[in-house]
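K.L.:
Read off the chains here:
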Amino acid sequence: MLVAAFPTHIFIDPVAWYKLFCKRFCDSNRYDYFSDSVYPHELIENHRDYIQPIVFLVFHEYGRIGFYHIFELPDGTRSCGIPLHFSPADVPSPGTATIYFTFQSDCFYSAKMSVYLSEEYANSKSLNGTCLNTHQFTLDTCGRIILPYYDFLWDEKWNNHAVFVFNIYLPVPGFPDAVYDSKNFLDPVAIMRLSRLNELSRLFIQRNCNWHVHIR
Amino acid sequence: MYRDPTILSVYSKPLRCVYENKKLRFLFYDETPPDNCPVYSMWVELFFALNNSFLAFSDKILQLNKQPYYINISFPITYGDLAVAAYIGLGTSYFLEARLDQPLSLDYPWLHERGIFDFPPERVDKILHSRLLNVYTGKDSVLLTTNCLLYFLKQFYRRFCILTGCPYNQEVFRDFRRFLPKDLTQFSSMGYVDLKGRLVYTALFADKIIKKLFPNFWHDYLDYILEVPLSEALLNLKDDLGLRLWVAHCMLRK
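So the protein sequences, as listed, match chains V and W. Here the first sequence is numbered in our numbering, starting from 1 and rising by one per residue. Here the second sequence is numbered in our numbering, starting from 1 and rising by one per residue.
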């Protein structure tokens, strides 16, 4: 699987960022800005000098923002979202998203995203037992993913994944109707108390619980 | 220093919150939390960052004996802190007074607040109690957490000035009252739950404020402040969620 990755220093140094991407944009005037920045996943996964952007899709209950859908994976772990590497448009793989960006004022704004779920998420279940049974779907992203402004760094070993959180307000075309059952959605405190919650989900919830605006 | 043992034992207790019926609320200091409801302590964190670096403060300032320098400066909030933070508000002259003659204490900074502890103990208890009641029935929790944050910033800054001889710049606090909470380029804050399950209200103070608080720090306060490049801070993220979040904020400066 080919995934996007960028040298760590371009996230720290605005001049380096500008040199790498603004110049590339001016030279190419194409949409595949990242075609020169993709690597075999197994080669780059443990490379601490490169940061891999990933999008973390979180699904809010219809009409109740802040209640997140829980995925129970085949190995028994639980997640409150779906992590996906960025992949080039011509070679998408399961577990990746192809994101089409437009370029404005030194930043890239997402326009559309094609999602290719890995087997573990395609076969995941909601809390009411419904199997997701979805392998691919497409979303209009309306500029809500902005490169390089990610939400937090994550990795159990190297912190070399830049996580871009993307909120989805259900329904999503292709999902089974039973997924929208209220029982499948939990609030942040209930999610933090779940057993076997994966680390990325835990970090996301810790970051996004916004407790200070909920004290009464 | 105020030494009434009853007041000390009550108001020095760590502030607790309980999550009950899908709502978060403060527990009173003598209240038993309902069964099966998660209870949290509350903390405030201060970070200081320039364009491509964080400032780390020496243990000579914090005197915690845990490590030589601290990027993350954190304090537990006690009932006394909450009562005083609610009492002072942002509209008082509290932040403009340096009070450099008072004893140093980061453990119980609220013990030194003039205007409260000049009263006899029973009156102090009433004042603090009524402040807490106001907090519990108040609606603006965001403003309250901001008050707490600035209250700890002042205590930390006052301590820094006493130990280093740095002149206390009251203009900074006057500015805060003027631009809070709008000027996000100089001051950003957020709430999160840390890796130990504590509720943390964290803030990042940027260049303009740093230069006012610690003028010429790279020259005058070399023994007390260390500049840590972002590339080095990246290596220390594992156990520090606050730092992890602010690194993301600082990279390419949002």
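In case anyone wonders, no lab produced these hints; they're calculated from the structure. Don't take every hint at face value.
As the list claims (entries may be wrong) - In silico PhoX-like cross-links for lysine-lysine, where the CA-CA straight-line distance does not exceed 25 angstroms:
hint, chain 1, residue 1, chain 2, residue 2
1, W, Lys238, V, Lys157
2, W, Lys22, V, Lys183
3, V, Lys157, W, Lys22
4, W, Lys23, V, Lys183
Claimed, not checked - Over 10 angstroms on every C-beta distance to chain W, these chain V residues come out as not near it, computed from the model:
hint, residue
5, Val91
6, Phe152
7, Lys183
8, Val189
Stated by the list, open to error - Derived coverage of chain W by chain V (criterion: at least 3 residues anywhere in the stretch with Cβ under 8 angstroms from a Cβ of chain V; other residues may be distant):
hint, segment
9, 69–79
10, 214–224
11, 236–250
What you are looking at is a predicted structure, and each value in this text was computed from that prediction instead of being measured. Ideal Cβ positions, reconstructed from N, Cα and C, are used throughout, including at glycine.
K.L.:
Give a verdict on every hint.
P.N.:
Hint by hint, here is what the structure shows:
Taking the CA atoms of W/Lys238 and V/Lys157, the gap is about 8 angstroms. The hint holds against a cut of 25 angstroms. About 15 angstroms separates the Cα atoms of W/Lys22 and V/Lys183, which keeps this hinted pair within 25 angstroms; it holds. Of the supplied pair hints, the one linking V/Lys157 and W/Lys22 is violated, its CA atoms being roughly 34 angstroms apart against a limit of 25 angstroms. Proximity of W/Lys23 to V/Lys183 is assessed by CA-CA distance (about 19 angstroms); at most 25 angstroms being required, the pair is judged to hold.
No Cβ of chain W approaches the Cβ of V/Val91 within 10 angstroms, the least distance being about 28 angstroms, so the stated non-interface status holds. Distance to chain W contradicts V/Phe152 as a non-interface residue, since its nearest Cβ pair spans about 5 angstroms, not more than 10 angstroms. In this structure V/Lys183 is separated from chain W by more than 10 angstroms, as the shortest Cβ-Cβ distance comes to about 15 angstroms. Distance check on V/Val189: its Cβ comes as close as 5 angstroms (rounded) to a Cβ of chain W, failing to clear the 10 angstroms threshold; non-interface status is violated.
Restraint check on the segment 69–79 of chain W versus chain V: 0 residues with Cβ-Cβ distances below 8 angstroms, three needed, restraint violated. Against chain V, the segment 214–224 of chain W contributes 0 residues with a C-beta closer than 8 angstroms to a partner C-beta. That does not satisfy the three-residue criterion, and the hint is violated. Residues of the segment 236–250 of chain W lying with their CB closer than 8 angstroms to a CB of chain V number 7, which satisfies the three-residue condition for coverage.
Checked against the numbered hints listed earlier, the structure breaks hints 3, 6, 8, 9, 10; every other hint is satisfied.
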